[in-house]
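Enquirer: Line by line, the protein sequences give chains A and B.
Under the working numbering, think of the first position of the first sequence as 204, with each following residue one higher.
Under the working numbering, think of the first position of the second sequence as 204, with each following residue one higher.
Warning: the hint list may mix true and false statements.
Per label pair, the in silico range of CB-to-CB distance [to be verified]:
| hint | chain 1 | residue 1 | chain 2 | residue 2 | range |
| --- | --- | --- | --- | --- | --- |
| 1 | B | E573 | A | N593 | 22 to 32 Å |
| 2 | A | R454 | B | R219 | 33 to 43 Å |
| 3 | A | A582 | B | P470 | 50 to 60 Å |
| 4 | B | E294 | A | E310 | 44 to 54 Å |
| 5 | B | A436 | A | G626 | 48 to 58 Å |
| 6 | A | D451 | B | R699 | 27 to 37 Å |
| 7 | B | G599 | A | T567 | 26 to 36 Å |
No more than 20 Å apart at the CA atoms, straight line, and that leaves these computed lysine to aspartate or glutamate pairs for DMTMM-like [to be verified]:
| hint | chain 1 | residue 1 | chain 2 | residue 2 |
| --- | --- | --- | --- | --- |
| 8 | A | K615 | A | E572 |
| 9 | B | K594 | B | D547 |
| 10 | B | K576 | A | E600 |
| 11 | B | K335 | B | E379 |
| 12 | B | K340 | B | D553 |
| 13 | B | K615 | B | D553 |
| 14 | B | K537 | A | D365 |
| 15 | B | K389 | B | D399 |
| 16 | B | K335 | B | D349 |
| 17 | B | K556 | B | E341 |
| 18 | A | K594 | B | E572 |
| 19 | B | K340 | B | D381 |
| 20 | B | K537 | B | D622 |
| 21 | A | K556 | A | D381 |
| 22 | A | K642 | B | D451 |
| 23 | A | K537 | B | D459 |
| 24 | B | K594 | A | E572 |
| 25 | A | K537 | B | D365 |
| 26 | A | K576 | B | E600 |
| 27 | A | K556 | A | E341 |
| 28 | A | K359 | A | E338 |
| 29 | A | K615 | A | D553 |
| 30 | B | K642 | A | D451 |
| 31 | B | K359 | B | E600 |
| 32 | A | K615 | A | D547 |
| 33 | A | K537 | A | D459 |
| 34 | A | K597 | A | D547 |
| 35 | B | K537 | B | D459 |
| 36 | B | K537 | A | D459 |
| 37 | B | K389 | B | E379 |
If you're looking for bench data, these hints aren't it; they were derived computationally from the structure.
Cβ coordinates follow ideal geometry from the N, Cα and C atoms, glycine included.
There are 2 protein chains.
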Amino acid sequence: MSNPSHSSAFKPILSRDIEHWDIDTDVAIVGFGGAGACAAIEAADAGARVAIFELASASGGSTALSSAEIYMGGNGGTPVQQACGYQDSTENMLNYLRACFGNRADEDKMRHYCENSTDHYQWLQRHGVPFKMSELKERAIMALTDDCLLYTGNEKAHPFPDAATPVPRGHNLQIEGDNGGPLLMKLLTAAVEQRDINVHYDSRALRLIINDDGAVEGVVVRIDQREHTVRAAKGVVLCAGGFCMNEDMLRTYAPDFAEGLVPIGNPGDTGAGIQMGMSVGGAAINMDSCFVSLPYYPPSSLTYGILVNDKGQRFINEDCYHGRVGYNALMAQKTSQRIYLITDVDGYGDYEKLSYLGAQVAGTGDTIEELEKELALPAGSLQWSLSTYNKHAKNGEDPYYHKSAAWLRPIKAPYVALDCTVGRGPFYPFFTLGGLDSKPTGEVLDFNRQPIPGLYAAGRTTAGIPRTASGYASGMSVGDATYFGRVAGRSAAVRR
Amino acid sequence: MSNPSHSSAFKPILSRDIEHWDIDTDVAIVGFGGAGACAAIEAADAGARVAIFELASASGGSTALSSAEIYMGGNGGTPVQQACGYQDSTENMLNYLRACFGNRADEDKMRHYCENSTDHYQWLQRHGVPFKMSELKERAIMALTDDCLLYTGNEKAHPFPDAATPVPRGHNLQIEGDNGGPLLMKLLTAAVEQRDINVHYDSRALRLIINDDGAVEGVVVRIDQREHTVRAAKGVVLCAGGFCMNEDMLRTYAPDFAEGLVPIGNPGDTGAGIQMGMSVGGAAINMDSCFVSLPYYPPSSLTYGILVNDKGQRFINEDCYHGRVGYNALMAQKTSQRIYLITDVDGYGDYEKLSYLGAQVAGTGDTIEELEKELALPAGSLQWSLSTYNKHAKNGEDPYYHKSAAWLRPIKAPYVALDCTVGRGPFYPFFTLGGLDSKPTGEVLDFNRQPIPGLYAAGRTTAGIPRTASGYASGMSVGDATYFGRVAGRSAAVRR
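Working from the sequences, and respecting the hints, build out all of it.
Expert: This is how it looks when you write it as structure tokens:
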């Protein structure tokens, strides 16, 4: 019989209908990005036979496209945090994450991660991942030096210091330029290759194979234009990325992000892993939520500016992480036709040289009145917002949005406005944060939070630690993917 | 075998495993609210044997709890619209709905509804539903007179007049007081009782019954503490409401609405219909979206006031529908600790007598400065917002939020502030707008938008016409439920 329960594309098949198994393994891993690599290494180290099936012709996934500033801390601090003079407790890190994700948070996963991310640091180091005992103090979206530690989120921005003591937790790999992701995947790929792991490239997972009780027993994979049946005695681990490249899924599940933004990820981020999981009863959660960014720094000096809507109103403390700013800017556009970043010439600084924002100059003015007219803002609105901001900034205060004193200084004539409206130039990258519900062990859960035997997942195929753009910090996704990839691989390997 | 694909709670069973059918019918309808009643009437009129299974001891569902101001128009206008001097074209109505729901809209359903809602008016009238040829001109959340026609949405509020000519489409039943819902369900129930329809009360649908190809062939229902197998030769129609009473589902699927709000619906709105649909592969969509309201009128005179956040900033044109205001107020609270409605004594008017908002007076002042201090707003912020508002209101203008001139007048001392913050008194009712994807015919769709044979749904078990609170108008849900309930019943009845 066909399994009646799902769309034809990813409909599972029954193991008893399979006459011949083409490949026999203990743990079958779908996807060879950060999560899949780590799952494979741990599963092999736990003694399991492991096979990886990767859609592309090489490893990497979206991890290789990222900056790979891995978010780690807690437990007294990583060696780098300690060397740089920071203390970080597990509770402090957990409190921070709770403040980040509110009622969308997965408390179990967060606690697990906060308790173990310093161990994860050691594990990465043992696999050759280099971290320098140094800090990058610049406000940056990514480290372009080989320095390690940097603030990659909202730790110092209102209201987060009320919830947790600010500590930097982004760990950049020791390599010049924005090359952390490629280096990380090169090292993890080498670790896979050193082990007795069968890697199949150009291999597309099509359907899960289940027994009569619904337990996952394998996966059908298309290799060389032929469908291969893969028996996975211990389990299948779905590490197939998110769905930012699947327009249908975006329109269906994440409509707020479905138009005008730029997906960042690899072409395989089509949600196939999520759909395979759903096809056997896995619950897909947090599907409406994406990471989105307005990367308005570098230059960091633009942080001295203010963001306003088409009423000339500010709407965020501009010292937030670019993801929080991006999300709020995007939501503001539900009732505002335009978003502008207002800066002075000092703040504008090296914008044309350093920025990759793509925002055009929408207006300039020797007076605010002039700029306000040029931007067609309500008469007096920007004058009020800016004069009020300046009056308080002079005293190091922002009674409206609580931008920290470090980023407060009066904005002086002449003025420049950058158009930060979606669709009018600026780069708004996004990727998905929804996926299969799972336990910290990697076990995929059904709607009643009961595990589906034999099915595991990690990375953006799951709803992991990061749940919203407004709480996101760089390194949370790679941290979550690599760490929970490891746990999922081990869990599958030791399953009885 | 058990069907492996879903959570145990609603796991479907295979028809070939059924030894005895307790009940045999053509069309089995789950739920006897507005959608279920209309489905039953149409299915019976199309010649099918029909059975209704209702959880409660009487008909009604959430329709009976509503005001039942049915949203209808287009096609030249309903008789009431015409009698009251309004013209309404199908395209105008469709343009309005498109503006309401943006990229969440279901174009097929909307077109179907706009083309046929005047026919629906006639159908309701034939079943005894009384509409008076009169208009209620007061801005009201519900009609307390027996007048029929009223504006129940954002038709006249910015930016909607840019998209469609404003026309009132809310049709209140001819009955005094807020009694439209009970009357509607009384009449529809009588129409059911006049037909040869088997109604089973105190009957809980548990699982769908499917054949080996995944087609739905019946439903298991618990009656008198015993499970009954119901064979539905033509189909099962799920009309079991939404999920506003299911806290787990809310936290999982609609986290923005899961805390501090008041669910409005009947106790059976637990999402059982949606979960049964999902259990056989139905796609649940728009699940993150709910209707939510801040019912700050009556008295309508409060519309002359302004809503501000804890920065003293306005964030919405206050002449919007209470659902749009409620949604924006709720979202504003992601970056604001307080929401206040600022009014003068004239605007406050009969608040204490007429309102059911529950908002407490947070402060009063003979000057704005005094009120601003009492509310702990940034110094000067409310003074700026209010003086700016007043300056323009005097000229009938609102260059910031484009409130219509009809609701613009300067707010005069002394001032009153009502605390509209969630959790501090005000009533924020909500219900869910996510559910099974379906065709206008009522056929339930899988993720690839392929129908699941034998399965139909209507009402809030589906994602219907209304998709967001910001685009909602009163009467859209009852209109959608009753109209598409009819179509679903007929579709099932004539299925080959």
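Enquirer: Each hint: holds or not?
Expert: Taking the hints in turn, this is what the structure says about them:
no.	hint	result
1	B/E573 - A/N593: 22 to 32 Å	holds, 26 Å
2	A/R454 - B/R219: 33 to 43 Å	holds, 38 Å
3	A/A582 - B/P470: 50 to 60 Å	holds, 54 Å
4	B/E294 - A/E310: 44 to 54 Å	holds, 50 Å
5	B/A436 - A/G626: 48 to 58 Å	holds, 52 Å
6	A/D451 - B/R699: 27 to 37 Å	holds, 30 Å
7	B/G599 - A/T567: 26 to 36 Å	holds, 33 Å
8	A/K615 - A/E572	holds, 13 Å
9	B/K594 - B/D547	holds, 15 Å
10	B/K576 - A/E600	holds, 18 Å
11	B/K335 - B/E379	holds, 11 Å
12	B/K340 - B/D553	holds, 18 Å
13	B/K615 - B/D553	holds, 17 Å
14	B/K537 - A/D365	holds, 16 Å
15	B/K389 - B/D399	holds, 17 Å
16	B/K335 - B/D349	holds, 7 Å
17	B/K556 - B/E341	holds, 17 Å
18	A/K594 - B/E572	holds, 18 Å
19	B/K340 - B/D381	holds, 16 Å
20	B/K537 - B/D622	holds, 16 Å
21	A/K556 - A/D381	holds, 16 Å
22	A/K642 - B/D451	holds, 17 Å
23	A/K537 - B/D459	holds, 17 Å
24	B/K594 - A/E572	holds, 18 Å
25	A/K537 - B/D365	holds, 16 Å
26	A/K576 - B/E600	holds, 18 Å
27	A/K556 - A/E341	holds, 17 Å
28	A/K359 - A/E338	holds, 16 Å
29	A/K615 - A/D553	holds, 17 Å
30	B/K642 - A/D451	holds, 17 Å
31	B/K359 - B/E600	holds, 15 Å
32	A/K615 - A/D547	holds, 6 Å
33	A/K537 - A/D459	holds, 10 Å
34	A/K597 - A/D547	holds, 15 Å
35	B/K537 - B/D459	holds, 10 Å
36	B/K537 - A/D459	holds, 17 Å
37	B/K389 - B/E379	holds, 15 Å
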